[in-house]
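Residue numbers (the numbering used here): 48 to 253.
One or more of the hints may lead you astray.
[Unchecked claim] Okay, derived cross-link-like pairs now, DSS-like style, lysine-lysine, Cα gap no bigger than 25 Å in a straight line: (1) K240 to K200; (2) K215 to K178; (3) K188 to K82; (4) K215 to K240; (5) K188 to K134; (6) K82 to K215; (7) K178 to K188; (8) K112 to K134; (9) K200 to K178; (10) K112 to K82; (11) K215 to K200; (12) K82 to K200; (13) K240 to K82.
Note that these hints are calculated values from the structure, not bench results.
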Amino acid sequence: MNIIKYMGTQFSNPRGLGGHFSTFLMNRLNTLQYKSIEAVLRQITPERSLDIGFGNGHLLRRFAKGLPGQFYGIETSDDMLELAIRKSEALIAQGRLALGPGNALQLPFPPDFFDFAYTVNTVYFWEDPLKGYLEIYRVLKPGAVFANAFYTKAWLDRLPITRQGFMKYTAADLARMAEIAGFENLRLIEILKNNIYCLVAAKPVD
Numbered sequence: 048m049n050i051i052k053y054m055g056t057q058f059s060n061p062r063g064l065g066g067h068f069s070t071f072l073m074n075r076l077n078t079l080q081y082k083s084i085e086a087v088l089r090q091i092t093p094e095r096s097l098d099i100g101f102g103n104g105h106l107l108r109r110f111a112k113g114l115p116g117q118f119y120g121i122e123t124s125d126d127m128l129e130l131a132i133r134k135s136e137a138l139i140a141q142g143r144l145a146l147g148p149g150n151a152l153q154l155p156f157p158p159d160f161f162d163f164a165y166t167v168n169t170v171y172f173w174e175d176p177l178k179g180y181l182e183i184y185r186v187l188k189p190g191a192v193f194a195n196a197f198y199t200k201a202w203l204d205r206l207p208i209t210r211q212g213f214m215k216y217t218a219a220d221l222a223r224m225a226e227i228a229g230f231e232n233l234r235l236i237e238i239l240k241n242n243i244y245c246l247v248a249a250k251p252v253d
C-alpha cells in the first residue's frame, strides 16, 4: 500500500504499529486544539464530560488527572481503546474515567447526560456530520456545551495525506450544521488564522 494512503487511513482508524505512531504524532500536532478545548472546559467546570474519538487517550488522561468531574470517552479503533484502557487503569479504578467503543453517530449514552462534550480532529471521518451533531445534542443536558476543534478545508487541502478518507469542511460549514442541529450561542474561536478553529456551542436551556 502507498505510504501516504496508509497513513491517511491510520488517522481515521488507528491500529497496530502505524496507529501507535499516528496517535503519537497527533498528540504533538494537536497542541493548539487541546489548549482550546481545555480553556472551554475550565470555564464551565462540568460534572460529566465526553471525549468523542480519544485516540490513545492522552488528552483524556490529562484532564482526568488534573481537573474535577468525571470523564467519559468513546473510540472507534479497538486497538486504541485497548491501549487507552491499559494506560488508564488507575483513573478507571478511581471512577474518574470511563472508556468504551462508539462513534459520534450513535452515542451509547442516555439523553441529557453530559455537561460538556468535545472532539478534536475527528469530524472529517464522520459519515454524516449533521447526524453526529444531533446525537451530541441529544446526550447533552440543557445549557451544556459542545466544542469541536478542527482544521479547515483550506489547510487540509495542502496535505497529500488527506486526499483520501477525509471529508473537509469550512468553518462556516460546521457552524451551519451546528445551528441546524439546534445549538445556539455559537462561537468560532480562531486558533490559527483561516486554518484552525474551535467551534463552541450550547444546547438551549428548556
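Consistency of the hints with the structure:
{"no.": "1", "hint": "K240 to K200", "verdict": "holds (13 Å)"}
{"no.": "2", "hint": "K215 to K178", "verdict": "holds (16 Å)"}
{"no.": "3", "hint": "K188 to K82", "verdict": "holds (24 Å)"}
{"no.": "4", "hint": "K215 to K240", "verdict": "holds (17 Å)"}
{"no.": "5", "hint": "K188 to K134", "verdict": "violated (30 Å)"}
{"no.": "6", "hint": "K82 to K215", "verdict": "holds (22 Å)"}
{"no.": "7", "hint": "K178 to K188", "verdict": "holds (18 Å)"}
{"no.": "8", "hint": "K112 to K134", "verdict": "holds (12 Å)"}
{"no.": "9", "hint": "K200 to K178", "verdict": "holds (20 Å)"}
{"no.": "10", "hint": "K112 to K82", "verdict": "holds (16 Å)"}
{"no.": "11", "hint": "K215 to K200", "verdict": "holds (5 Å)"}
{"no.": "12", "hint": "K82 to K200", "verdict": "holds (21 Å)"}
{"no.": "13", "hint": "K240 to K82", "verdict": "holds (16 Å)"}
The structure does not agree with numbered hint 5 stated previously, though it agrees with all others.
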